[in-house]
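Visitor: Here the protein sequences come in this chain order: Z and L.
Quick note on numbering: the first sequence equals residues 932 to 1238 in our numbering.
Quick note on numbering: the second sequence equals residues 932 to 1238 in our numbering.
Hints in this document: simulated from the structure, not taken from any laboratory.
Any given hint could be a false lead.
No copy is singled out in the list; a pair is fine if it fits within one copy or between any two copies.
Taking lysine-lysine pairs in the DSSO-like style, the calculated list, with each CA pair at most 30 Å apart, reads [unchecked claim]:
#1 K1095 with K1140
#2 K1176 with K1148
#3 K935 with K1148
#4 K938 with K1022
#5 K1176 with K1195
#6 K1062 with K1148
#7 K1195 with K1142
#8 K1022 with K1195
#9 K1140 with K1195
2 protein chains.
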Amino acid sequence: MDNKTFKKITVIGLGLIGSSICRALKKYRITNKIVGYDKNQQVLEKVKNLNIVDSISSNLNDSVLDSDIVFICTPVGSIPIIAKDLQNSLKNGSILTDTGSVKGSICDFFRTNHFEGVNVIPSHPVAGTEKSGPLHGFHELFIGRWCIFTPMANVSQQAINDLKNIWTIFGSKVEIMDPTHHDLVLAITSHLPHLISFNIVGLANDIEKIKESDVVKYSAGGFRDFTRIASSNPIMWRDVFLNNKEAVIEVLGRFIEDLSALQKAIRWEDGDFLEEKFINTRDIRNKIFSAGQGEFEDEKLNKIKKS
Amino acid sequence: MDNKTFKKITVIGLGLIGSSICRALKKYRITNKIVGYDKNQQVLEKVKNLNIVDSISSNLNDSVLDSDIVFICTPVGSIPIIAKDLQNSLKNGSILTDTGSVKGSICDFFRTNHFEGVNVIPSHPVAGTEKSGPLHGFHELFIGRWCIFTPMANVSQQAINDLKNIWTIFGSKVEIMDPTHHDLVLAITSHLPHLISFNIVGLANDIEKIKESDVVKYSAGGFRDFTRIASSNPIMWRDVFLNNKEAVIEVLGRFIEDLSALQKAIRWEDGDFLEEKFINTRDIRNKIFSAGQGEFEDEKLNKIKKS
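Can you make the complete structure from the sequences, with help from the hints?
Guide: Here is the structure:
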């Protein structure tokens, strides 16, 4: 693998993802200099104290001067605004990338705002925790996770390889995908689960007859699985839903339709319908997660006994 | 603590919960004899091989003769049927209990079917895994979990204490609750989360444009949190929804209402509404789980710096 060392890399937006990228860049010595920018002065101070960048900058355009790679790690809604601001400051031949959870709207922006001489590779590391801010980042965040690239048409293969190399060093697997397909896949695997989690946690608080302490005590019955992702960054998620409107509304509409069918079956005590649905679901789950996951002990045991 | 040893305890239904109870009874030497009954001969054979009971029985009424305590650990729908069958076989002064996830319908049954001389203590250990069957049980399953009792009016305090003592030895905390309140609390903390999980896993499979492999690859974005509980026992869950119809329909109705409001906000791009909802949700979650959970590192660090 070509362990190319870059002269300067800039990370814009130093929250959970941005600060984790800084840590990983430093850990694996990817570049001679890491510059961190954040519009929030308190965040910059924290990052300085953490010693995860070589210098901080409170001037957006200055921060990217002569940078080989610029990572924009802010909420999806602000990525085009920041990119627009940077349009004339980026180094010729450099890579501009981002880490937003929506790719269609980002690619649309770059199609209508041409960045001459810059390799624009919108990307999405499918990684994160429910915590926000630079103190919660860690360099191992990307290990074993996928990073999806949706490169613009005119980027060089070398640029794609360089960025892929970095994510691979971080421990991620890289896949190139069409941005519309990305947004649909993520709508079902990430955006809808988050929306549902936000919704159920809010609902638990609204039901007047139930004390908060009851929700906490009995959350082991299933609820707890939902609360973790419901405490994710509100601004980030607001932007995700606004920017992936079509796909989210499509999957959400179908989700509500299916849920209404289950509701009807419960109301009419249609046990056969429920049982069939749940059996199918279990089969899907088992099929999905069977590969080497140590499941099906019953069957394995039976096979051993028979042989 | 009164470490009373019982002469004989019968466990009916030897799945995940029943077999875990057998294991815990044996581990803590609660009784001189554990008898296991299951209508499924294969399950009985497995339990025999596992050596977690002192004897197996394929005759329901024989299995409970002279038992001090009978645990019914079958799906909720079959509990009244089994109890009815046992009505004339139970020992005078013994305890009859169950482990069903719904308590209202069970208590209704026992109110209209009086069990003369038997201490009926419907109960619900809020514990479980997504796996089913006797091979997946383990004696530690109940440690740190709550077991909710909804005792019938005429049971002796001694019987409640005896059963409470057993669950405490198993590592659980016991709470006595009104069955209607139990069913509402569990509807939101367990039944609705399961229904939603079944629904979203089914939906992921239905969306034609998405390959199964995409769902697996990118499930770290949130989806994976839902799949675990969606592979729970279909029959058990069918019975839960049929037997807790009113409470589940109530919380499900409100869940769909709230979700429709979020859908509308996304459609109309009402970012303020979304942001406010998500901030509230995060606050609720943090409030709920803050007590000694090592959260709020930012704030703690700030306090330390200021002091």
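Visitor: All hints, please: hold or fail.
Guide: Results for each hint:
1. With identical chains, the CA atoms of K1095 and K1140 are at most 30 Å apart between copies only, with a shortest distance of 26 Å across copies and 53 Å within one.
2. In this assembly of identical chains, K1176 and K1148 lie within 30 Å of each other by CA distance solely across copies; the values are 23 Å between and 36 Å within a copy.
3. Proximity of K935 and K1148 under a CA criterion of 30 Å is satisfied inter-copy only: 28 Å between copies versus 53 Å inside one chain copy.
4. Within a single copy, K938 and K1022 get their C-alpha atoms as close as 12 Å, which meets the 30 Å cut-off; across copies the closest is 83 Å, which misses it.
5. With identical chains, the CA atoms of K1176 and K1195 are at most 30 Å apart both within one copy (28 Å) and between copies (11 Å).
6. Both within a single protomer and between protomers do K1062 and K1148 lie at most 30 Å apart by alpha-carbon distance, with minima of 23 Å and 22 Å respectively.
7. Proximity of K1195 and K1142 under a CA criterion of 30 Å is satisfied in both settings, with 28 Å inside one chain copy and 29 Å between copies.
8. Proximity of K1022 and K1195 under a CA criterion of 30 Å is satisfied in neither setting, with 60 Å inside one chain copy and 42 Å between copies.
9. When the C-alpha separation of K1140 and K1195 is checked against a cutoff of 30 Å, the pair qualifies both within a copy, at 24 Å, and between copies, at 27 Å.
Hint compliance for this structure: hint 8 is the single one not met.
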